[in-house]
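Given the coordinates of chain A, assemble chain B onto it according to the supplied hints.
Here is how the chains run, residue by residue.
There are 2 protein chains.
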Amino acid sequence: MTLQRAAAFAPSNIALTKYWGKRDETLNLPLAPSLSVTLAELGSLTVVQPEPELVEDVMILDGQPLDAAGMIKVRRVLDAVRQMAGSQVFAGLQSVNTVASARGLASSASAFAALALSASTAYGLDLDDAALSRLARTGSGSAARSVSGGYVLWQTGERADGYDSYAQTFRDAKHWPLRILVAQVLDGRKKVSSTLGMKQNRDSPLFAPWIELCHRDVRACQQAIDARDMTQLAAVVEGNALAMHATMMSSRPALLYWQPATLAVIHEVRRLRSEGVECCFTIDAGSSVVVLVAEQDARPVAESLGEIHGIEAVLQTRIGQGARLVEAHG
Amino acid sequence: MTLQRAAAFAPSNIALTKYWGKRDETLNLPLAPSLSVTLAELGSLTVVQPEPELVEDVMILDGQPLDAAGMIKVRRVLDAVRQMAGSQVFAGLQSVNTVASARGLASSASAFAALALSASTAYGLDLDDAALSRLARTGSGSAARSVSGGYVLWQTGERADGYDSYAQTFRDAKHWPLRILVAQVLDGRKKVSSTLGMKQNRDSPLFAPWIELCHRDVRACQQAIDARDMTQLAAVVEGNALAMHATMMSSRPALLYWQPATLAVIHEVRRLRSEGVECCFTIDAGSSVVVLVAEQDARPVAESLGEIHGIEAVLQTRIGQGARLVEAHG
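Quick note, the sequences are listed as chains A and B, same order. For the first sequence, our numbering assigns the number 1216 to the last residue and increments by one with no breaks. For the second sequence, our numbering assigns the number 1216 to the last residue and increments by one with no breaks.
To be clear, the hints were calculated from the coordinates, so they are not data collected in a lab.
Note that identical chains are pooled: a pair holds if it fits in a single copy or bridges any two copies.
Mimicking SDA-like on lysine to any residue, the simulated pairs with C-alpha atoms at most 20 Å apart in a straight line are:
# : residue 1 : residue 2
1 : Lys959    : Asp910
2 : Lys1077   : Arg1159
3 : Lys1077   : Ser1160
With the rest of the complex left out, here is chain A (with noise of 0.2 Å):
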């Protein structure tokens, strides 16, 4: 096969139900679905040069050298990649991710995401969406959803392998086009990781009851996408955003990812949802808030977020489409 340079963006996501808990710690696979939207601007950028004169792969992200732990998830990812291609060429690679983590978006969606698409192409494959959305969840398991665009929903699957547990776009963008404000804290606190606190979160008595709700959520959710329902699409977000944070703060010792502007902010959207603006909230494993607003309401809603004692900054964005190739040379 023919090996090339390869680049390719691939886009944030926010979950609207979360992934949290895994059935299988390797391959990254889910104990429930979960569904999310596709960012519009904000994401990572990787290019993948297989280079037959290397001796192991090589990564640069945001102009340092990857740390050991990264390295093994790219590892794997480039591995699956050889494989398929029957190639046993080692890559440089080179990353930027245009939204840091520290601004309440986590990058190693978006990054997996672009690492599976040109890591792939540069190997000379050409994989579908499912297989690229497989490949990135090796990496990270969000990054399963940041391949598609617009709504997507991530199944569960029930094979071993992982071989249908995939994310696939089930509603595009346009279908109803939702603002994104990111509503940032800053944390001076070390951060525990995802992957580190979904582990200390299973002994949590609420860890079962959590999962079997996800299950539930996400059906209800995608009802209130179908229907365009803020109401009702409020009541799950926030509702599992809330069950999510009750279960990691239930585990002992207790996970508390929220900071005091982080509960102001959850309090300010309730109320502007109660004086009729179409918006609801969500929160990952960090203290920043994401906050999903009606087109016409975006703006006073920064607005109003923005002025929120330890509020850094808010970010707006939309919802939009999936990963995608920005170059590739033979």
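Chain B only, in chain A's frame:
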């Protein structure tokens, strides 16, 4: 029997493991046992004067006639007393709270414990602590724990009539003379009452595991108190409070009692403990935070909490005795 004017003071109590879930709404029978400490100074003073010429019970609370909902509960206690005493005489009542509920401590626990003691004395009864606790419980569940002093256990009981569901001291205040700080957080929102909150919360998928957890936590908390072990106490007291709020926030619509300053205190107490300060927090169905702290660390912790943005004041008190008569004339 002789009717007489009687006055009693009863203190507030702070639950170390919470009462959040009823198996009987009228008798206030809990689904799980709970543990508390009785406060030294803060509480309610209630005077009961049986008056043959009254055509119904009349009560003045903090200078105002008691509202209808409160009067129903007061009458429930008075009717039980009159039945035991074989009397049909109504009473005039006056009650003063030395701590307003807006200051972060519920007043119903101390109010109904004071009522149980003053009313039973006024109608000529001489009830032991178990009987007073049962009587107070019919007014407000947590009042069962304000009759006795020190470290108090309220056992669930099994009987449908509640005869075996009452609270008793299991360690006195001298056993471990911790200081109690109340970090007051003002909350302009209309508060959801505990009774309503518990009802709304029953549908949460996390509710059943929460109740199971309480049974385990009570045992672990007793062990921590017996051993005067702050590390173990913190794990169970904070874990129990966080699990209760987790259960609350996972109900739909969510019960969110916390304010930004609530979280700020949580983080500060965890930080202080990580630096070797012997303290832990708990939070009732409200936004204020109660901190238990070793005597020698009380002052610096109070100062540190007082500096937090959104904390109105920090009350300081000790663990003290239970309900007591302050006056009784034939």
